[in-house]
Each structure stands twice: as structure tokens, then as C-alpha cells.
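I would like the entire structure built from these sequences, with the hints used as guidance.
Just so you know, the protein sequences line up as chains D and Z, in that order.
With the first sequence counted from 1, adding 39 to any position gets you the numbering used here.
With the second sequence counted from 1, adding 188 to any position gets you the numbering used here.
To be clear, the hints were calculated from the coordinates, so they are not data collected in a lab.
Incorrect hints may have been included.
FRET-style restraints, in silico, Cβ to Cβ [as the list claims (entries may be wrong)]:
hint	chain 1	residue 1	chain 2	residue 2	range
1	D	88	Z	410	56 to 66 Å
2	Z	311	D	92	19 to 29 Å
3	Z	410	D	156	53 to 63 Å
4	D	78	Z	404	49 to 59 Å
Examples of chain Z residues toward chain D, derived with CB under 7 Å [as the list claims (entries may be wrong)]:
hint	residue
5	194
6	293
7	294
8	301
9	466
No experiment lies behind these values; they were computed from the predicted model shown.
Note that CB positions come from ideal geometry on N, CA and C, so glycine has one too.
Single-letter residue listing:
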Amino acid sequence: MEALQGVSLEVSEGEIFGLVGPNGAGKTTFVKVLLGLIRATGGRAQLLGSEVRVGVCPPSVGYLPENIAPPGRFTGRFFLRLVALASGVEFGDLRSVAEEVAEAVGAGRFVGRKISHMSRGMLQRVGLAAALIAKPKILFLDEPTAGLDPVARKNVRDLLLKLKHSGVTVFLNSHILSELERVCDRVMLLHRGRVLAEGKVEELTRGMGGVSVRTEPAVSEDDFEALRTEVGVSFVRREDALVADGVEEANRLIDGLRKRGYLIKEVVRRRERLEDVVVRLLSEAGDGRRSDDS
Amino acid sequence: MGAVLMTLNELRYGVLKWFLLAVLVVVFVVPLLGFSKDEGGYTILGFRESHLSVRTSEGRISGLNLGMLYPGVCVSLGCSFMVLVLVSWVSARVFVTLLAPGSAEFFLTRGTGRLALMGWRFAVVLLCACFYVFLMGMAAVCGTDISLNEVSFAFLKSVFLCFFIYLSVMGATLLIAVMSRRTGLSVGLGVALILASIIFDAAYQAMQSDFLRGQRESAAYKVVAVVYAVLPNVATLNNAAISCCGGAPLPWYEIGTTAAFGVATVAAALAIFRFRDM
Numbered sequence: 040m041e042a043l044q045g046v047s048l049e050v051s052e053g054e055i056f057g058l059v060g061p062n063g064a065g066k067t068t069f070v071k072v073l074l075g076l077i078r079a080t081g082g083r084a085q086l087l088g089s090e091v092r093v094g095v096c097p098p099s100v101g102y103l104p105e106n107i108a109p110p111g112r113f114t115g116r117f118f119l120r121l122v123a124l125a126s127g128v129e130f131g132d133l134r135s136v137a138e139e140v141a142e143a144v145g146a147g148r149f150v151g152r153k154i155s156h157m158s159r160g161m162l163q164r165v166g167l168a169a170a171l172i173a174k175p176k177i178l179f180l181d182e183p184t185a186g187l188d189p190v191a192r193k194n195v196r197d198l199l200l201k202l203k204h205s206g207v208t209v210f211l212n213s214h215i216l217s218e219l220e221r222v223c224d225r226v227m228l229l230h231r232g233r234v235l236a237e238g239k240v241e242e243l244t245r246g247m248g249g250v251s252v253r254t255e256p257a258v259s260e261d262d263f264e265a266l267r268t269e270v271g272v273s274f275v276r277r278e279d280a281l282v283a284d285g286v287e288e289a290n291r292l293i294d295g296l297r298k299r300g301y302l303i304k305e306v307v308r309r310r311e312r313l314e315d316v317v318v319r320l321l322s323e324a325g326d327g328r329r330s331d332d333s
Numbered sequence: 189m190g191a192v193l194m195t196l197n198e199l200r201y202g203v204l205k206w207f208l209l210a211v212l213v214v215v216f217v218v219p220l221l222g223f224s225k226d227e228g229g230y231t232i233l234g235f236r237e238s239h240l241s242v243r244t245s246e247g248r249i250s251g252l253n254l255g256m257l258y259p260g261v262c263v264s265l266g267c268s269f270m271v272l273v274l275v276s277w278v279s280a281r282v283f284v285t286l287l288a289p290g291s292a293e294f295f296l297t298r299g300t301g302r303l304a305l306m307g308w309r310f311a312v313v314l315l316c317a318c319f320y321v322f323l324m325g326m327a328a329v330c331g332t333d334i335s336l337n338e339v340s341f342a343f344l345k346s347v348f349l350c351f352f353i354y355l356s357v358m359g360a361t362l363l364i365a366v367m368s369r370r371t372g373l374s375v376g377l378g379v380a381l382i383l384a385s386i387i388f389d390a391a392y393q394a395m396q397s398d399f400l401r402g403q404r405e406s407a408a409y410k411v412v413a414v415v416y417a418v419l420p421n422v423a424t425l426n427n428a429a430i431s432c433c434g435g436a437p438l439p440w441y442e443i444g445t446t447a448a449f450g451v452a453t454v455a456a457a458l459a460i461f462r463f464r465d466m
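Rendered as C-alpha cells:
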């Protein structure tokens, strides 16, 4: 069975790229192929300009796996030092480097605790710190905000944006689509190992949104029916607003509304949430699962 | 270099306190367990001077052989079997850091190849185990108040034999750890292998005796001989680690079979680790 088929993409420097898809879509497999952790049966992949080889990963890559489980007998600090040693950090700099990354992800308070005594959220932050140790050029994060409280999530988002501004490319796997929507430049929707959609978040979420026009007073039922024949474009009523499919349709609708003496109170470009887009695309692709699976 | 330092750090972190405890036991407990020095020579834990002495380059028999201190230390800690279990346990814990999902990925994506990471890790743990034996011997010297110029360094032969014993034990532990990714299972199966080796060693030695000379044509003997050649000869080498210090020749056949077993298991483990999907 092929876990991935025909997946092809390029991610440029300083971009935050999101991988979305239901469980078993092939997101983690895709990342592991890029990291040389598993072997692809075909195709080719390049990371930072070099061919990906199984068993050898470029040093300037950071990776946070989905279910991190460092040995429970280590303290967080010791674990970070081991990762730093494996990353080629000088022996004399171990302490400062470990402290620096722990502080950067908000793990400074508890990094001295044993891993076995840490909560899921604490562990997640220690893992994130470990992924940042090598000052990576490209960072792969698998569910980085899983188990984090809202404040910690916001900190991670801020950190990701900071990394992006410093030129780090971030590859984000997450089920929390609202998080992805906030930070990602582009996303790819994988489904059963195939690419279902790929593009900028704005483009993907714009598709079915339309333009919402709110008037003072609200459009009466008679005028609504009259406008439908008058302006010659399709629009619908949503709550107390009229929603046209696109900008041109909205302009024609606004002209019609003005002619009838309505005051234009608000014009808003409506966008679908990423979650809605994903659920819609998955339904169209024949995956009838609920949104909490996506 | 990073892989070596990482392993040394991990050993220091997990094992140093136990090592220091063992050294303290050797320094303070071994003398209490029957060390005595008289006109006729030395006695440690019931081993008399005849075992302890070696022939020096001047041709005289004198001096205490540290080789005796190794079994002495082993006895004081329980028995040599316990030492092997300890070696298997320590090495399994260290290997599994690079194998367990959720932990391994952090190290396997650091730019060092898998072979180098695990290969160096194995070598460092093996050499540390041998160095540990050496230090235990030296600690025993300190504990027994023997001056170093009375000591024969023929005990280094014991360390040499320990290298092959540990190579095979750790090789088996590594192979099982790579396949199962579990500390408990790799220690358990590693220990089972050592036990099997001890049993077959005993059976082979028994069949070599004059008493069972008539059995040499039997199928059982042939099976035991084959297994003896395939499995590491831990018990034989362990006994040789004691006797070689008193001038007995090194058992090269057993060294060869044990080394072959160790190298084969390590090579198989590294090959699996190198090519397996994580």
C-alpha cells in the first residue's frame, strides 16, 4: 500500500507551510520521508538543496515529532544538553544553549524537572526547545501545540512568526486548523496520500465566502425578490445581510440597493474558515467523517 | 565527537552514582571480606597466594595479581552473573535512547548518520565497561592497602577477556534492543542468552572430561559442540579471566567464537538500525 502518491511541492525560505489532513492522510509519513527517517519507494526529495537519503538528515533541520517521549529518567535540561551535543554544540556552550532555547519556548521554569514528572504541555515545550537547538534553517513541527494551554499556544504562534521573520522555514503538521490559519502562509491538504488542495490560506478560504452587504434598514422581502430579477446576479440572505458570490456581483447588488433608497451600512468580504474549507473538500472527496477528525 | 560525548554524558548521568557506590563497596567492604597478608602471601575472599602470584621477569614468584580482584569484586557485589546483567541493563538503557519512538527522532535528525551514532555509542559503552573492570581492580588495591609495586599487571589479561565477554553480551543486547526497542525485553533476552551460554559451556566442558569420553560420538555431543561454537562462551572466558592471571594460557578458540558472535550481532543490529524505517 502506498502511503503517499504524487505529492510534489516546493517551500521557499522563510515560509510557514501547513500540512493538513485527516488521520492516516500521510502527513507524518511525508515529513519523515523528507527527514530521511523512512524510505520512499519512489520519487525524489530535496531538502536544503541536497538529495534526501535514508538515515542521514541535514544538520540544520529541527524536528519535533508528534508524540515526544524522551527517557523519563532524564531532566529536561539534561535532555536538551544531549540533543545539543548530538547537534555539535561545543561542550562549553551546552549550558547556555540549553537555557537559551528553554527560555525561548517558556520552559525555563521547569526544565530542571525530570521528564517523567512533566505534564504533556511541559514536555511539548521541552521538545520544541530541542527542535530549536541547532538553530535550524528549516523546522518540522508535528502537532506543536498539542496539550498546550491557550497562553502557551499564543507563545508558540508568536515564536513561529518570529522564526519566520528571521528566515526560518517552518513545516507545520496540525489538527488545530484555527492555529494553522493564523500562522501559515500556505497549506496543503492531504487525503489518503494524495494532494487534495494546495495554496495560500487566503486563496483557499476565499473560494466560497462571497461579499456580505448590510443595509439600513434591512432589505424587505418584497425588495429582495425584486432585486433578484433587477440586478441579474445571484445572492442570498444570511441573517440580516445579503451575500453576493463575488466583488462584481456585490457592486451590482449595491447599485440596486441604492436605487431603492437603502443606506449601505457595511460591506464585508466573507471568508470561509480553513476548517470549513477542509471539511468541504474532504466531503467532496468522499470522506464523510466529521470535522473533529480533520 | 558529538556522538561520543553524548554517550559519555548519558553514562555519567545514569551510571556514575552506581559506579561510585560500587567503588566505595570495593574500597571499604572488600578488606572486610577476608583480605589478609602474611609471610606466606595474600588471601582475598578465600583465594590464596598460589592463585594470586605470578612469575615475574626475574623468574621469582611474588606479588598480588589484580586478576584475582576482579572475581573478588564480582563476589562482593553478588556474582559475576550479576555483573553481566548490570552490563546488559546499562547498555540496553543507553541504546534505547536512540531507538524509542518520540526520543530517537531528536537524535537521528541531528546530521550524524545512524551508523556513526549507534556505532560510537556501542564502542563507548563497551570500552567504559572494560575501563570499569580496570578501575574496580584498582579500587580493590586501594582498599586492601597493597602497594602498587607488589602488583602484577598480568590482570590486564582479565580486562582483555572481559572485552570479549562484554562484546558478546552487549552485542546480543543491542540486537534485541534494535528489534524490540524495549529495555526490559532486550535485557531479559540478553540475560537468557548468557544463561544459555553458561549452560552449554558447562555441558561442553563436562563432555570434554574423561568421564564422558565415550559420549563424543553421540548426537547430543555434536549438538552441544555446535551450540558451543555458535554461542558466546561467557562462562569459559569468565573462568579464564581468573586462571589466566596465574599463568594459564588464553583460550583462543573461545575468544574467537565469542568475538565472532559479538561482531555478528553488532553488525546485524547496525544493519537493521541503518536501514529500518523509524
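Status of each hint after checking the structure:
Between residue 88 of chain D and residue 410 of chain Z the beta carbon distance is about 60 Å. The supplied range of 56 to 66 Å therefore holds. One distance hint, 19 to 29 Å for the beta-carbon pair residue 311 of chain Z and residue 92 of chain D, holds here, with the actual separation near 23 Å. At about 56 Å, the CB distance of residue 410 of chain Z to residue 156 of chain D agrees with the hint of 53 to 63 Å. Range check, residue 78 of chain D to residue 404 of chain Z: Cβ separation about 50 Å, and the 49 to 59 Å hint holds.
For residue 194 of chain Z, the shortest C-beta to C-beta distance to chain D is roughly 4 Å, which falls under 7 Å, so the interface hint holds. Taking 7 Å as the C-beta cut-off, the interface hint given for residue 293 of chain Z holds, the closest approach to chain D being about 4 Å. Taken as an interface hint, residue 294 of chain Z checks out: its beta carbon lies about 5 Å from the nearest beta carbon of chain D, inside 7 Å. Proximity of residue 301 of chain Z to chain D holds as hinted, the smallest CB-CB distance being about 5 Å (cut-off 7 Å).
At a threshold of 7 Å, the smallest CB-CB gap from residue 466 of chain Z to chain D is about 4 Å, leaving the interface hint in force.
Of the numbered hints given earlier, the model fails none.
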